[in-house]
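Asks: As a plain string of letters, each chain reads:
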Amino acid sequence: AQTVTQSQPEMSVQEAETVTLSCTYDTSESDYYLFWYKQPPSRQMILVIRQEAYKQQNATENRFSVNFQKAAKSFSLKISDSQLGDAAMYFCAYRRNAGNMLTFGGGTRLMVKP
Amino acid sequence: DTGVSQDPRHKITKRGQNVTFRCDPISEHNRLYWYRQTLGQGPEFLTYFQNEAQLEKSRLLSDRFSAERPKGSFSTLEIQRTEQGDSAMYLCASSLAGQVVEQYFGPGTRLTVT
Numbered sequence: 001a002q003t004v005t006q007s008q009p010e011m012s013v014q015e016a017e018t019v020t021l022s023c024t025y026d027t028s029e030s031d032y033y034l035f036w037y038k039q040p041p042s043r044q045m046i047l048v049i050r051q052e053a054y055k056q057q058n059a060t061e062n063r064f065s066v067n068f069q070k071a072a073k074s075f076s077l078k079i080s081d082s083q084l085g086d087a088a089m090y091f092c093a094y095r096r097n098a099g100n101m102l103t104f105g106g107g108t109r110l111m112v113k114p
Numbered sequence: 001d002t003g004v005s006q007d008p009r010h011k012i013t014k015r016g017q018n019v020t021f022r023c024d025p026i027s028e029h030n031r032l033y034w035y036r037q038t039l040g041q042g043p044e045f046l047t048y049f050q051n052e053a054q055l056e057k058s059r060l061l062s063d064r065f066s067a068e069r070p071k072g073s074f075s076t077l078e079i080q081r082t083e084q085g086d087s088a089m090y091l092c093a094s095s096l097a098g099q100v101v102e103q104y105f106g107p108g109t110r111l112t113v114t
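Here the protein sequences line up with chains A and B, keeping their order. Heads up: the first sequence begins at 1 in our numbering, then just goes up one per residue. Heads up: the second sequence begins at 1 in our numbering, then just goes up one per residue.
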């Protein structure tokens, strides 16, 4: 079974600074997808960024980028120029190629200090 | 399109009672997912529909849980004989069919069993 681990329950960053959230996963599959979701307080979960395992190039979406290390089974999220609106729970998620369900990590609470 | 909606947003019930939640997906989405999220944890997959067919069920979905999507549009999740351990946020998501598609999440229904 696939597992996703987020080892940082909480992280804090100063506004305008950069922060990196860690995620590791375990799978025997070679073809899969990885995602970072953001869940603001009392609001619904939204997709931040996704990475296809067959792609060597790291995904980037504006201020958000990932460092995907397939051999190490590591998938970290870097947030540049942090903004107050980035404060939220961040979940790393895995989906195997032929599957439909998402397997989530336990989440990292990101606090942004003004 | 207003996104995925769920009703009710909050439900308080006494142990042993039955509860039913409703999810309305994004109108053109033919896939619908249910997840459960306990406090401080990531969501866990419960079940998945493609159109009206329930194609996958987690072992978490005990026989007290039943989900339906009778016309391939909205879905209901019923929990019979609720237990305190059922207290959680129940999240619904929807997506189009396809290889790499985003799951769009609803705001969730928070269930408290007293």
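One or more of the hints may lead you astray.
Far from chain B, some chain A residues (derived; all Cβ distances over 12 Å) [said to hold, decoys possible]:
| hint | residue |
| --- | --- |
| 1 | Ser22 |
| 2 | Ser42 |
| 3 | Phe64 |
| 4 | Arg95 |
| 5 | Asn100 |
Listed next, the stretches of chain A that the computed footprint assigns to chain B, with coverage defined by at least 3 CB atoms under 8 Å from CB atoms of chain B [claimed, not checked]:
| hint | segment |
| --- | --- |
| 6 | 69-82 |
| 7 | 104-113 |
No lab work stands behind these hints, which were simulated from the structure alone. Don't be surprised by glycine CBs; every beta carbon is placed ideally from N, CA and C.
Asks: State for each hint whether it applies.
Replies: Okay, the hints, checked on the actual structure:
no., hint, in the structure
1, Ser22, "14 Å, holds"
2, Ser42, "8 Å, violated"
3, Phe64, "15 Å, holds"
4, Arg95, "9 Å, violated"
5, Asn100, "5 Å, violated"
6, 69-82, "violated (count 0)"
7, 104-113, "holds (count 4)"
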